[in-house]
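Chemist: Next come the chains, spelled out residue by residue.
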Amino acid sequence: MEPINEIIPIEMAQFLSTVIQFKMDKMRLVQLCASRLPGQYELSYCFAKGLDMWTLRLVVGEDEPVPSITQIYPCAFIQENETAELFGVKIENIQNDYQNRLYRIDRETPFKEKG
Amino acid sequence: MGKLAKSPWLLHYDGSSCNGCDIEVLACLTPVYDIERFGIINTGDPFQADILLITGGINSQSESVVKQIYSQMPNPKVVVAVGICACTGGVFKTCYNIKGGVDTVIPVDVYVPGCAARPQAIIDGVVKALELLERKRADYAAQKKTAEGEGGTDSGTYQ
Amino acid sequence: MAKQSIVPFGPQHPVLPEPVHLDLVLEDEVVVGAVPSIGFVHRGLEKLVETKDYKDYVYIAERVCGICSFGHGMGYCEAIERVMHIEIPPRAKYLRTIWMEMSRVHSHLLWLGLLADALGFESLFMQSWRLREKILDQFDRMTGGRVIFSVNTPGGVLKDVDDEMLRSLLRAVDELERELRPVADSFLREYTVGSRLHGLGVLKPDQAVELGAVGPMLRASGVRYDARMLGYGAYPELEFEPVVLTAGDSYARCELRLRELTQSFALIREAVGKLPAGPIAVPVKGNPDGEYFMRIEQPRGEAVYYVRANGTKFLDRFRLRTPTTSNIPPMVSLLKGCQLADVPLLILTIDPCISCTER
Numbered sequence: 001m002e003p004i005n006e007i008i009p010i011e012m013a014q015f016l017s018t019v020i021q022f023k024m025d026k027m028r029l030v031q032l033c034a035s036r037l038p039g040q041y042e043l044s045y046c047f048a049k050g051l052d053m054w055t056l057r058l059v060v061g062e063d064e065p066v067p068s069i070t071q072i073y074p075c076a077f078i079q080e081n082e083t084a085e086l087f088g089v090k091i092e093n094i095q096n097d098y099q100n101r102l103y104r105i106d107r108e109t110p111f112k113e114k115g
Numbered sequence: 001m002g003k004l005a006k007s008p009w010l011l012h013y014d015g016s017s018c019n020g021c022d023i024e025v026l027a028c029l030t031p032v033y034d035i036e037r038f039g040i041i042n043t044g045d046p047f048q049a050d051i052l053l054i055t056g057g058i059n060s061q062s063e064s065v066v067k068q069i070y071s072q073m074p075n076p077k078v079v080v081a082v083g084i085c086a087c088t089g090g091v092f093k094t095c096y097n098i099k100g101g102v103d104t105v106i107p108v109d110v111y112v113p114g115c116a117a118r119p120q121a122i123i124d125g126v127v128k129a130l131e132l133l134e135r136k137r138a139d140y141a142a143q144k145k146t147a148e149g150e151g152g153t154d155s156g157t158y159q
Numbered sequence: 001m002a003k004q005s006i007v008p009f010g011p012q013h014p015v016l017p018e019p020v021h022l023d024l025v026l027e028d029e030v031v032v033g034a035v036p037s038i039g040f041v042h043r044g045l046e047k048l049v050e051t052k053d054y055k056d057y058v059y060i061a062e063r064v065c066g067i068c069s070f071g072h073g074m075g076y077c078e079a080i081e082r083v084m085h086i087e088i089p090p091r092a093k094y095l096r097t098i099w100m101e102m103s104r105v106h107s108h109l110l111w112l113g114l115l116a117d118a119l120g121f122e123s124l125f126m127q128s129w130r131l132r133e134k135i136l137d138q139f140d141r142m143t144g145g146r147v148i149f150s151v152n153t154p155g156g157v158l159k160d161v162d163d164e165m166l167r168s169l170l171r172a173v174d175e176l177e178r179e180l181r182p183v184a185d186s187f188l189r190e191y192t193v194g195s196r197l198h199g200l201g202v203l204k205p206d207q208a209v210e211l212g213a214v215g216p217m218l219r220a221s222g223v224r225y226d227a228r229m230l231g232y233g234a235y236p237e238l239e240f241e242p243v244v245l246t247a248g249d250s251y252a253r254c255e256l257r258l259r260e261l262t263q264s265f266a267l268i269r270e271a272v273g274k275l276p277a278g279p280i281a282v283p284v285k286g287n288p289d290g291e292y293f294m295r296i297e298q299p300r301g302e303a304v305y306y307v308r309a310n311g312t313k314f315l316d317r318f319r320l321r322t323p324t325t326s327n328i329p330p331m332v333s334l335l336k337g338c339q340l341a342d343v344p345l346l347i348l349t350i351d352p353c354i355s356c357t358e359r
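Chains as they are written, first to last, in the working numbering: chain P, 1 to 115; chain W, 1 to 159; chain Y, 1 to 359.
None of these hints come from the bench; they were simulated from the model. Even for Gly, the Cβ is constructed at its ideal location relative to N, Cα and C. Mixed in with the good hints there might be a few duds.
Said to hold, decoys possible - Across the chosen pairs, the derived CB separations fall in these ranges:
| id | chain 1 | residue 1 | chain 2 | residue 2 | range |
| --- | --- | --- | --- | --- | --- |
| 1 | Y | D289 | P | D52 | 40 to 50 Å |
| 2 | P | I8 | Y | D206 | 20 to 30 Å |
| 3 | P | K90 | Y | T192 | 43 to 53 Å |
| 4 | Y | R189 | P | A13 | 50 to 60 Å |
Said to hold, decoys possible - For lysine to aspartate or glutamate, the following EDC-like pairs were computed, each having C-alpha atoms within a straight-line distance of at most 16 Å:
| id | chain 1 | residue 1 | chain 2 | residue 2 |
| --- | --- | --- | --- | --- |
| 5 | W | K99 | P | D106 |
| 6 | Y | K313 | Y | D289 |
| 7 | Y | K55 | Y | D249 |
| 8 | P | K112 | P | E64 |
| 9 | W | K93 | Y | E50 |
| 10 | Y | K274 | Y | D206 |
| 11 | Y | K47 | P | E108 |
| 12 | P | K49 | Y | D316 |
Claimed, not checked - Among the chain W residues that face chain P by a calculated CB cut under 10 Å, a handful are:
| id | residue |
| --- | --- |
| 13 | N59 |
| 14 | S60 |
| 15 | Q61 |
| 16 | Y96 |
| 17 | N97 |
| 18 | K99 |
Only chain P is shown next, with the shape it has when bound in the complex:
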């Protein structure tokens, strides 16, 4: 049987409660990443249990704040800092916030614009 590899679109209102639910189910945070849409960001949070993986898909506006999940999954701090620094996603209340100084690159938010 093929393991589950599913993308679940989710609204901001249910986002944190779903992540907490996943945490209670003892899921492992696989990865989180952003990609750019016109005027928006698309955030993908992957969680796995056993071989199955579910991806929460959150679409946010360019200046819309996103709550950090480091209160629930502290291990997300590196990837959240990376997303904030490279894309300019406004992630709020990250534990171990590097203040956009994780990679310390010269160019600001290089992934925000195409090309």
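Since chain P is already given, all that's left is putting chains W and Y on it; use the hints.
Modeler: Below, chains W and Y alone, put in the same frame as chain P:
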């Protein structure tokens, strides 16, 4: 050959390489290629090193580290750029965070091409560096000038 | 309470082949906190996908890291193939699997050498790397490269192997297995090695899952997860059962990698025996459109390749979450409470690959 070129100490730093050249540099030190037969010992301490092997291109963070390591090494010293990234920036040249080859930051004496550079090529480059080191030592002795390029141990630049 | 002091560790450090920096907060000799800073090898490779043809990007993906290079090329290609619904020929699947396991052998031997070096056991370091050269010779013979092979392409592989290569590979594997035994004994039975590794950095199963550990870190803590069970490549047709240990300390992580070496030898032998005849690639036409999260078991653990394509030859987004990114949080948590002298060992037991992490 003088004493220095018979027992040089080698320091290796990874600029922003993909590890490919790094592990080949390490492979040079191990039994099959065995660079130690030239009297070379790998050291981790810039203050005792004569040859600096740099792999990978330079980005904004590694720039200060490379400069500092270079300034901490005593004269005479030779820099070998290992791999195409260290020579010119290689496939990463167009990346937003890459400044270019090592020679954009410090003077480079020997360029070793390849992606990844083969151990044979690295050894060849190091042997060329030995000749240069000997020549530099002779010039240096002739000039008899005082040592220069004290880098200090300020850890602030690591940040 | 003892006075706290901060010791900078790295980026240029004798035990680290790669640059990473840690600020260690110490009370006397005990580490009470560690703040990792990365970014010394950040290049911005993910961005290149917007200016490179998706077929050419394989070569960039392979150069994310020189140690895991084959796996990165394979992971990227598998993700593209899933997006484009391409079924690659069986021979290509088997060849990828053989090369992947050879990569695992070389990576684990490399790690064992670095571990021995961190212990100050120089001769063991040399022995491990001597053995590693045997597998690199086979790589050289089969693909023409020692560390970066460029044999993957969307749709299959670029180079075929002949019987002589396979015979030589099997001979090398036999030789390696025989010569590994005394080396493995030194790691597992030597009193000095054991005294440094036993009970160091214990990671409990719950903790490992919570902190997102992957690969040998996770399996040494008793969690049965290996991305090879997901059924990519030829693994579903081979006898594969992940190695799982329960102790969760550094010794278990060392033993686990040694056992995985033996397992990889068996997988290589089986795959070579079953290698089907036929073409090695299918032609790929058109451009990808869609997205996929692909998981691959790299030597260091599970890596995630995310590809998002828009129907043109340039992808929208390529994201690579490497095993070390996931293993840094458990490492930071293990560092708290350890002795300063054990810091290099603990950093090594996660098998850090910094150029993967920063891309």
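Chemist: Note whether the CB distance of P:K90 and Y:T192 lies within 43 to 53 Å or breaks it.
Modeler: 52 Å, holds
Chemist: Between the alpha carbons of Y:K47 and P:E108, is the straight-line distance 16 Å or under?
Modeler: Roughly 14 Å between the alpha carbons, so the hint for Y:K47 and P:E108 holds.
Chemist: Within 16 Å, alpha carbon to alpha carbon, are Y:K274 and Y:D206?
Modeler: 39 Å, violated
Chemist: Taking the closest Cβ pair, is W:S60 under 10 Å from chain P?
Modeler: This interface hint holds because 5 Å falls under the 10 Å limit.
Chemist: Honestly, do Y:R189 and P:A13 meet the 50 to 60 Å range at C-beta?
Modeler: Given a distance of about 58 Å, which is inside 50 to 60 Å, the answer is holds.
Chemist: Starting from Y:K55, check that the Cα of Y:D249 is at most 16 Å away, please.
Modeler: With Cα atoms ~42 Å apart, Y:K55 and Y:D249 exceed 16 Å; violated.
Chemist: Is 40 to 50 Å respected by the C-beta to C-beta distance linking Y:D289 and P:D52?
Modeler: Violated: the Cβ-Cβ distance is about 25 Å, outside 40 to 50 Å.
Chemist: Tell me if the straight-line CA distance from P:K49 to Y:D316 falls inside 16 Å.
Modeler: 28 Å, violated
Chemist: Between Y:K313 and Y:D289, is the straight-line Cα distance small enough, at 16 Å or below?
Modeler: OK: Y:K313 and Y:D289 at ~9 Å, within 16 Å.
Chemist: Assuming the hint says 20 to 30 Å, is it satisfied by the Cβ distance from P:I8 to Y:D206 or not?
Modeler: 25 Å, holds
Chemist: Against the 16 Å threshold, does the CA-CA distance of W:K93 and Y:E50 hold or violate the hint?
Modeler: 15 Å, holds
Chemist: Once the shortest beta carbon distance from W:Q61 to chain P is found, is it less than 10 Å?
Modeler: 5 Å, holds
When each numbered hint is compared with the structure, violations occur for hints 1, 7, 10, 12.
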